[in-house]
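Counting along the sequence shown from 1, when you hit position 99 you're at 102 in our numbering, and nothing is skipped either side.
By construction, these hints were calculated from the structure, which means they are not laboratory data.
Bear in mind the structure is a predicted one, so any value in this text is a computation, not a measurement.
From the three backbone atoms N, C-alpha and C, an ideal C-beta is built for every residue, glycine too.
Derived pair list, reagent style BS3-like, types lysine-lysine, alpha-carbon separation capped at 27 Å:
#	residue 1	residue 2
1	Lys-36	Lys-47
2	Lys-59	Lys-47
3	Lys-90	Lys-27
4	Lys-36	Lys-55
Ranges of calculated distance between the beta carbons of each label pair, as one might list FRET restraints:
#	residue 1	residue 2	range
5	Arg-43	Gly-118	17 to 25 Å
6	Ser-86	Ser-18	19 to 27 Å
7	Lys-90	Val-51	33 to 41 Å
8	Asp-94	Gln-65	42 to 50 Å
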Amino acid sequence: MAHDGQDLAFQLENSATIVDLLEKTRGASAALKVLFETAREQMKSEVVVDGKTSGKLLEDNQDAAHGLAWLATYSTAMHQMQSWAEKLEADGEFGEIEQLLHQIGCGEYHAQVLGGIPMSQGEIIRLGDIGLLKTA
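Just need the whole structure built from these sequences, with the hints factored in.
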């Protein structure tokens, strides 16, 4: 194969992967789950009356409910990515490419949670929109 100007020794010695990646992403995944659980409890306080979900209150809080569903999706996806990465690690197959995929996926999902989760082309939900940051 033709040499494209990249020094292989440089590539092998200077990995872009984060040190202790699985430990850090495990903590990030757990934190995202706690964030979701907190948001879910906040939503319950907004839409549940006498132990039952109020259709009117749910409709009044439709944007927040939709955002909560997206946050649940992101939390579940992070958990699944972490399980995938840990299985690969246990099987001795968590190479640099897999590590980078995991690192990018986790980083992007967390960046979106903090900055705003795109729910459609023109609809973004932010933590303040679901009652988590009253001064967002």
